[in-house]
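All chains should be modelled from the sequences, with the hints used to inform the complete structure.
Quick note: to get the numbering used here, add 91 to the position in the first sequence (first position is 1).
One or more hints might be untrue.
[Stated by the list, open to error] The following label-pair restraints were derived from C-beta to C-beta distances:
#, residue 1, residue 2, range
1, S303, A236, 17 to 23 Å
2, R311, P335, 21 to 27 Å
3, A292, E191, 34 to 40 Å
4, T244, A292, 16 to 22 Å
5, R295, S114, 48 to 54 Å
Quick caveat, the hints were computed from the structure, so don't treat them as lab data. None of the values given here were measured: they were computed from a predicted structure. C-beta atoms are modelled at their ideal positions from N, C-alpha and C, and glycine is treated no differently.
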Amino acid sequence: MPEILEVESYRQLAEGALDREISGVSVPDPHCLAENTTTAGLTHGLVGCRFTVARRLGKLLLMESAGPTLGVRFGMTGTLVVDDRMAIDRLLYSSGHHSERWVRFALGFVDGGSLALHDPRRFGRVELDPAVDALGPDALSVTPAALRRALATRISGGGPPVKARLQDQAHLAGIGNLLADEILWRAGLSPRRRCGSLTDAEHRRLHRALRSTLTDLSGRGGSHTGDLMAERRAGGHCPRDAAPLRHEQVGGRTTWWCPAHQR
DNA sequence: TAGATTGTTACCGT
DNA sequence: CACGGTAACAATCT
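Take a look at the structure:
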């Protein structure tokens, strides 16, 4: 579920939890706590507080209060539930299912409502006052110049594959595997192209493709609604020119692309 | 059943 | 130091 578009929808859902007094903390699965975070610390820091703003940096949700900030990372399958309402998404593990056993962390409000992390696969994490300085610029607002800086390299030979860098949260925050494939498909760039080999025109195409992908897929309902998605399977063909898609590991992730128009 | 999965981190090698 | 590759993490679905 969660790439930047999903987490942005969780952030909007989280706005419904602002300015409500927190009455209690429940951690049914302590595995979801980050290294520096304990149930006692969460309880001590948050009970009696109210969230003042819901922010997002890349895939990280930040709930600020007058006291500490609550950070939530959603891993592969995490989703946010506020007052038993889930943000709209139709992804694996969340289509229709809403199992109580997937609640890993929850806050109760004095008014009786709640904010909870559901996460079947348990890669999600909750953290008090998470560090945010290691993240690159947010992909939803990145400028052409900032994207170019994010892709810059000094390695002779051209640096990492452009797909690997697009997904590197320290350089650009928010892009995951599905969005990266869709963006590169729209930009007509091979995922294996080295960052240092991109021309000025290709940088511009990449930024435009990033913008159009985030805008279009946000309107359609998420990272899994890309033009390429249905063909991301054995025997899949390019929706643009019908060439058979190629798939290999790039940057450690399964990658699908069209060898005919992605160069 | 075997294989795949939208994320992150640690570690080793170059 | 900057990367690539790999494994690990964990649970579920096809």
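Worksheet item: Which numbered hints turn out to be false for this structure?
Response: 3
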